[in-house]
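**Q** Sequence:
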Amino acid sequence: MHTVFTQINDWKLVSCSLLSRPSSDDGISTDIAVQDILVLYYSQHGATAELARLIARGIESVPGCQARLRTVPKVSTVCEASEPAIPAQGAPYVEKSDLTECIGLALGSPTRFGNMAAAMKYFIDSTSGEWLAGALAGKPGCVFTSSSSMHGGQESTLLSMMLPLLHHGMLIVGLPFAEAALAATQTGGTPYGVSHVAGVKNDRPLSEDERKLALAQGKRLAEAALKLHNTMQ
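The C-terminal position of the sequence shown is numbered 243 in our numbering, with every residue numbered one higher than the one before it.
Since the hints were made in silico from the structure, they are not lab data. All C-beta atoms, glycine included, are put in the ideal place defined by N, C-alpha and C. It is possible that part of the hints are untrue.
To be verified - Below 27 Å or equal to it, Euclidean Cα-Cα: the simulated DSSO-like pairs (lysine-lysine) are:
(1) K237 with K84
(2) K237 with K106
(3) K84 with K106
(4) K84 with K131
(5) K229 with K211
(6) K211 with K106
(7) K229 with K131
(8) K211 with K131
Claimed, not checked - Ranges of calculated distance between the beta carbons of each label pair, as one might list FRET restraints:
(9) G184 with G163: 16 to 22 Å
(10) Q243 with S166: 33 to 39 Å
(11) G124 with Q196: 18 to 24 Å
(12) F187 with S159: 31 to 37 Å
(13) V210 with G184: 42 to 48 Å
(14) V210 with S166: 35 to 41 Å
(15) S107 with D213: 34 to 40 Å
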């Protein structure tokens, strides 16, 4: 697979890829464009962003799929966007067209009192047009999160993030215990989606098991998305 990366600061997974097939006898190229899977996240201290990068790597381990990394801006106390239209660093801000163009979605947010962060909720609440149009209906989706403590509400956050995806008609992809790291982990990781325990100071690196689960979740999502997409062609 030939991949042309568009570097956005230190992010290298926003890419335009071509899946190469052998050239035909007449020398005509048979390259085809791969399918995009949206990895949409909000991150304040970097832990959720790191999970997003690993999920993106898992997605791109599946031939025929590429990750489209996107984030959402912070919101103010009056629920208006408080960030510039283009972020100074990191992934670009999500656009509604990203939802329409993707064949699958990984949604991530840090835990806020057992729920997703306001910035992510604000964006999701603005997608009624896409809901009415069925932009995500029939596509697979998964969720991921991080929290400062082991019992900080990770599982309720993951479950609450599934609800709008179900309203959009998405098919939820979880993490089975067939993944050995899920049974072995001493920190984050749930059947509902990968998670990370960042510590009180939000400076704890991802454990090896958390990293394995993030990669596995991205791969599972990509495999499901590609199979579903191909059956519709």
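**Q** Would the pair K84 and K106 pass a check requiring their Cα atoms to be no farther apart than 27 Å?
**A** holds, 17 Å
**Q** Hint says 18 to 24 Å; check whether the CB-CB distance for G124 and Q196 agrees.
**A** holds, 22 Å
**Q** Starting from the range 42 to 48 Å, see whether the pair V210 and G184 falls in it by beta-carbon distance.
**A** violated, 28 Å
**Q** Take the C-beta atom of Q243 and the C-beta atom of S166, compute their distance, and say whether it sits inside 33 to 39 Å.
**A** Roughly 38 Å apart at Cβ, these two residues keep to the hinted range, so it holds.
**Q** Has the given pair, K229 with K131, been kept, meaning a C-alpha gap of at most 27 Å?
**A** holds, 26 Å
**Q** Is the hinted range of 16 to 22 Å satisfied by the C-beta distance from G184 to G163?
**A** About 18 Å separates the Cβ atoms of G184 and G163, which means 16 to 22 Å holds.
**Q** Does K237 pair with K84 here, judged by a C-alpha cut-off of 27 Å?
**A** The given pair, whose Cα atoms are some 35 Å apart, is violated under the 27 Å limit.
**Q** Would you mind confirming whether the straight-line C-alpha gap from K211 to K131 stays at or under 27 Å?
**A** holds, 24 Å
**Q** Go ahead and decide if the range 31 to 37 Å is satisfied by the Cβ distance of F187 to S159.
**A** Hint violated: Cβ distance 24 Å, outside 31 to 37 Å.
**Q** Return holds or violated for the Cβ distance of V210 and S166 against the range 35 to 41 Å.
**A** violated, 20 Å
**Q** Below or equal to 27 Å on CA atoms is what counts here, so check K237 against K106.
**A** holds, 24 Å
**Q** Verify the CB-CB distance for S107 and D213 against the hinted window 34 to 40 Å.
**A** Between S107 and D213, where Cβ atoms are some 36 Å apart, the hint holds.
In this structure, the earlier hints numbered 1, 5, 6, 12, 13, 14 are contradicted, and the remaining ones agree with it.
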